[in-house]
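Colleague: Residue-level listing of the chains:
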Amino acid sequence: MSVLRTDSITMQFGGLTAVKEFSLELNKGEIIALIGPNGAGKTTAFNMITGVYKPTKGNVIFNDKNITGLKPDQITVLGVARTFQNIRLFKDLSVLDNVLIANHLRIKSNFMEAILKLPRYRREEKAMFEKSMNLLEKVGLADLKDEKSSSLPYGKQRRLEIARALATDPAVLLLDEPAAGMNPKETDDLTVFIKEIRDEFNLTIFMIEHHMQVVMGISNRIYVLDYGVTIAQGTPYEIQNNQRVIEAYLGVEENA
Amino acid sequence: MTLDLFLQHLTNGISLGSLYALIAIGYTMVYGILRLINFAHGDIFMMSVYFAFFGVATFGMPWYAAFLLAILLTGALGILVERTAYKPIREAPKISILISAIGASFLLENLATVIFGGRPKTFPQIELFTKMVDVGAVRIQMLTFMIPVITVALLIGLLYLINHTKSGMAMRAVSKDIETARLMGIDVNRTISFTFGIGSMLAAVGGIMWGLKFPSILPLMGVIPGLKCFIAAVIGGIGNIKGAVYGGFILGVGEIMLIAFLPELTGYRDAFAFILLIVILLFRPTGIMGEKISEKV
Amino acid sequence: MKRRNLILTAVFLLLSVIFLVYADNNFDSYIVRILNLCAIYTVLGLSMNLINGFTGLFSLGHAGFMAVGAYATAILTMSIETKQANFFLAPLISPLDKIVLPFLISLIIAGLIAVIVAYGIGAPALRLKGDYLAIATLGFAEIIRVVFTNTQRVTNGALGLKGIPSTTNLWWSFGIALFTVIVMISLINSSYGRAFKAIREDEIAAESMGINLFKHKVLSFMIGAFFAGVGGGLLGSLLGTIDPLMFRFFMTFNILLIIVLGGMGSISGTIISAFVITIATEWLRFLDEPIKLGFLTTPALPGLRMVVFSALLMVVVLFFRHGLMGTRELTWDMIFGFFNRKKPLTKGGTK
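Chains as they are written, first to last, in numbering that gives the first Met the number 0: chain A, 0 to 255; chain B, 0 to 296; chain C, 0 to 350.
The shape of chain A in the complex, shown without the other chains (with noise of 0.2 Å):
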């Protein structure tokens, strides 16, 4: 059953098609990956799912809502969350402050329940604290709740990230290089997180990665992207033995 759906959506700037008739499916459950060398579009991909960049053209259908145009927040009330390649969390404020703002799209009470403090506001104030400790203990942040979230390092910052994305309810999760500078150790430990996630919030996930033993271990498809056009779709096995992926990565040996 699909989730998510692109219709040959495409990006272009000016001049320049950064993307060109991306066409994807996201079943339930499965663990997407998109893959291709710098400056492939992956980004803008994301960007157009995400409500960043409106597509220039074609369409991005969430759960046969039609979703093409809508603002970054009103997705994310929908259910697709996403995570930044370049970490932006809220830098100055604290590790659990990061994941109480993510619970905030949900809120009922309006801002004069929470000024006086009336007993609906007292009640979603505690479900949100229990909810964002629940998932710092998921991603093992709970002790550092109250540190400064710039002063985590870089591997902690990433999963902070990811509990931040959680704790909007998302049902499609994107994952922007989740394992970007992240040690062995911690790019094995992220595999085995991702799949649990899955698992335990019922997600579908579509991640950028650029680490292939990530993309390789966990993804069910995975997409190629080579200056903006899809050159290559399908299982990991097929994705390894594809020529032209080979070709996109590794160069072609003409007359250059």
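Be aware that a few hints might be false.
[Stated by the list, open to error] So the derived label-pair ranges between C-beta atoms look like this: (1) C:Leu177 with A:Arg119: 19 to 29 Å; (2) C:Val307 with B:Asp186: 30 to 40 Å; (3) C:Arg247 with A:Ser22: 50 to 60 Å; (4) B:Asp186 with A:Tyr236: 48 to 58 Å; (5) A:Gly139 with C:Val10: 35 to 45 Å.
[Said to hold, decoys possible] Below, in silico cross-link-like pairs of lysine to any residue (SDA-like), each with a Cα-Cα straight-line distance of 20 Å or less: (6) C:Lys291 with B:Val113; (7) A:Lys125 with C:Ser190; (8) A:Lys107 with C:Val217; (9) A:Lys107 with C:Ser185; (10) C:Lys128 with B:Ile274; (11) A:Lys147 with C:Asn188; (12) A:Lys147 with C:Leu212; (13) A:Lys144 with C:Ala299; (14) C:Lys214 with A:Ala141; (15) A:Lys116 with C:Ser185; (16) B:Lys93 with C:His321; (17) B:Lys130 with B:Thr143; (18) C:Lys128 with B:Val278; (19) B:Lys120 with C:Ala299; (20) A:Lys144 with C:Asn188; (21) A:Lys70 with C:Leu212; (22) A:Lys90 with C:Leu212; (23) A:Lys130 with A:Phe192; (24) A:Lys90 with A:Glu24; (25) A:Lys53 with B:Arg283; (26) A:Lys147 with C:Ser190; (27) B:Lys86 with C:Leu317; (28) A:Lys53 with C:Leu212; (29) A:Lys116 with C:Ile181; (30) A:Lys90 with C:His321; (31) A:Lys56 with A:Val76; (32) A:Lys125 with C:Asn188.
Please keep in mind that the hints were generated in silico from the structure rather than gathered at the bench. Note that the Cβ used here is the ideal one computed from N, Cα and C, for glycine as well.
The hints should help you fit chains B and C onto chain A, whose structure is shown.
Modeller: Chains B and C in isolation, oriented as in the chain A frame:
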């Protein structure tokens, strides 16, 4: 309204617009290179008028010498403001730089009040510029014609400087990307100072002509023209020099015409520019000639 | 630990009340007036800090909201006779010429009108960012001022309003300042406050966390405007006279100075800074007068005080960008921590 009267208003509008354009260029150049509103630019403009005033009225210099000296001093002042208020925090968050700019602006205004006194002074009237000439049925000050001519001449010179000289190339490079420009061996600090100097000197030319046209001068006289010229720069597309000139003309002619056709709105004259600004920002935030800048995610 | 802090806060408040009673009865009117100004600038500083410091919106329109609040309060509280005396060029429009309301209700209405104006300004302007937002809000504030100068039958135009009932006293100003502090603390530490801070830290990330940027920016702007309006109303009533020139950009500059010095994003910093700046403004008044240095007397230099303040703003931004407090808050723990650190040999304190 007769045709003669309309032409007179139009001439006045173009003349005022030219002054706005000269000041607006300074805003747009600095914004283009540092992405910063030089809040003090209006006050640098004000200082230039005082420099010229003291040269002629106090030191009895011949007007051309006094004006030239005032222009040079103003250029130096612009560089001084850049070195003290902006350079030390160039890497700081934008909000800090803007606050520093506001501080520099107030500092200049208040220093002027302390040193020059808060009472209006009368700018010397120089016969060559202020004599009246008859054109058809209308009598217009010589200056009204001279201002647009001088403005256009300076604009041509400036465009030549930017597009055909080495310093101009450095300016264009720095405005595209400071870091890369530095790696290419461009002296970024010198280029930025140069930009401030040129922008301030153009404002000084505008200031002197402003003084001749509106002879009552005050320490706070730079505030409203400063804001309006920034608006002119935004209307034209900030960062774009030709745009700033168009913006200046649109604002100057628009303002004069507003008063001419709807005299009952004269009290709202200063609000006109702001309303225009807000309309432009909402419907075409990059102005008439600006390029779109999008944030990288 | 928590209990100790609660007790200390209660003691501090009690001492403040005792001080105010004493001040009310014993201090001369000049000092009382300065204390009033301190409290009013606390309200104004906090309201601007909510918008600029906590939500990260660089708004320069504060004087506009204050003008709205000051005029609304003045017109609603002035007696019918005073109104007639003021509006001698053109009568005040009906029904305002007959309405006289109690001070508190007038202040609330003034705040609400400022909120409506803030919505009118914010809905278009808050789509802009950074310095564009700054210049647009500054423009709106100027437009408000120009409109007030020209609407003779509502604001009495350039003549301004005189004889505003001087209701503001220490109880009003400190009472409302305390109320503002409590509301701000509660708001900032709530889920909405966290959303504001998220917007300040990183708009793109905040939006990706499902925070509706526009809605929250407008909300912060409107809450800030409410308190700016109330502060303006208090100020008008304290001074007794208002005119459009009072609400030039200079007014916004004063409040900006307070929040920059105190720390953008710190409530306690704003309070401390509001007191420091207000008292310093009065204390430095001598700078504008002739100064006697032994047998030498310098001439009066009006404006010298403002030179000092502009230079102060620049020094703070250039060398102490985070102000007194940055985004931190002064807490009892911090005060004790400070003293403990000073005496490293005493190891009594339990954590």
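Colleague: Against each hint, give a clear statement of whether it holds in the structure.
Modeller: Okay, the hints, checked on the actual structure:
A hinted range of 19 to 29 Å for the beta carbons of C:Leu177 and A:Arg119 is consistent with their spacing of about 26 Å. Take C:Val307 and B:Asp186: their Cβ atoms lie about 35 Å apart, and the range 30 to 40 Å holds. Taking the beta carbon of each, C:Arg247 and A:Ser22 are about 59 Å apart, inside 50 to 60 Å as hinted. The hinted range of 48 to 58 Å is satisfied by B:Asp186 and A:Tyr236, whose Cβ atoms lie roughly 56 Å apart.
Taken as a hint, the range 35 to 45 Å holds for the pair A:Gly139 and C:Val10, whose Cβ atoms sit roughly 42 Å apart. With a C-alpha separation of about 18 Å, the suggested pairing of C:Lys291 with B:Val113 holds against the 20 Å cut-off. Restraint check for A:Lys125 and C:Ser190: the C-alpha separation of about 11 Å stays at or below 20 Å, so the hint holds. Between A:Lys107 and C:Val217 the CA atoms are separated by roughly 18 Å; this keeps the pair inside 20 Å, and the hint holds.
A threshold of 20 Å between alpha carbons decides the hint, and for A:Lys107 with C:Ser185 the separation of about 17 Å falls inside it, so the pair holds. Taking the CA atoms of C:Lys128 and B:Ile274, the gap is about 18 Å. The hint holds against a cut of 20 Å. For the hint pairing A:Lys147 with C:Asn188, the CA-to-CA distance comes to about 16 Å; that is within 20 Å, so the pair holds. Only pairs whose Cα atoms come within 20 Å are accepted, and A:Lys147 paired with C:Leu212 is rejected, the gap being roughly 23 Å.
Annotation: proposed proximity of A:Lys144 to C:Ala299 is violated, straight-line Cα distance about 58 Å (limit 20 Å). For the hint linking C:Lys214 to A:Ala141, the alpha-carbon distance of about 31 Å lies beyond 20 Å, and the restraint is violated. Under the criterion of a C-alpha separation no larger than 20 Å, the hint pairing A:Lys116 with C:Ser185 is consistent with the structure, at around 8 Å. Among the hinted pairs, B:Lys93 with C:His321 is consistent with the structure: their alpha-carbon atoms are about 13 Å apart, no more than 20 Å.
For the hint pairing B:Lys130 with B:Thr143, the CA-to-CA distance comes to about 10 Å; that is within 20 Å, so the pair holds. Restraint check for C:Lys128 and B:Val278: satisfied, since their Cα atoms lie roughly 15 Å apart, inside the 20 Å limit. Proximity of B:Lys120 to C:Ala299 is assessed by CA-CA distance (about 19 Å); at most 20 Å being required, the pair is judged to hold. Between A:Lys144 and C:Asn188, the direct Cα distance comes to roughly 16 Å. Compliance with the 20 Å bound is thereby established for this hinted pair.
At roughly 10 Å between alpha-carbon atoms, A:Lys70 and C:Leu212 fall within 20 Å of each other, so this suggested pair holds. Proposed proximity of A:Lys90 and C:Leu212 is supported: the alpha carbons are some 18 Å apart, at most 20 Å. With a CA separation close to 18 Å, the supplied pair A:Lys130 and A:Phe192 stays within the 20 Å bound. Among the hinted pairs, A:Lys90 with A:Glu24 is inconsistent with the structure: their alpha-carbon atoms are about 34 Å apart, more than 20 Å.
Between A:Lys53 and B:Arg283, the direct Cα distance comes to roughly 19 Å. Compliance with the 20 Å bound is thereby established for this hinted pair. The straight-line distance between the Cα atoms of A:Lys147 and C:Ser190 is roughly 18 Å, inside the 20 Å bound, and the hint therefore holds. Under the criterion of a C-alpha separation no larger than 20 Å, the hint pairing B:Lys86 with C:Leu317 is consistent with the structure, at around 10 Å. A hinted pair counts as satisfied when its Cα atoms are at most 20 Å apart, and A:Lys53 with C:Leu212 qualifies at roughly 17 Å.
Pair hint A:Lys116 plus C:Ile181 holds up; C-alpha atoms about 12 Å apart against a cutoff of 20 Å. Our distance criterion of 20 Å between C-alpha atoms is met by A:Lys90 and C:His321, whose separation comes to about 15 Å. In summary, the hint linking A:Lys56 to A:Val76 is not supported, as the alpha carbons are separated by about 24 Å, beyond the 20 Å threshold. Our distance criterion of 20 Å between C-alpha atoms is met by A:Lys125 and C:Asn188, whose separation comes to about 13 Å.
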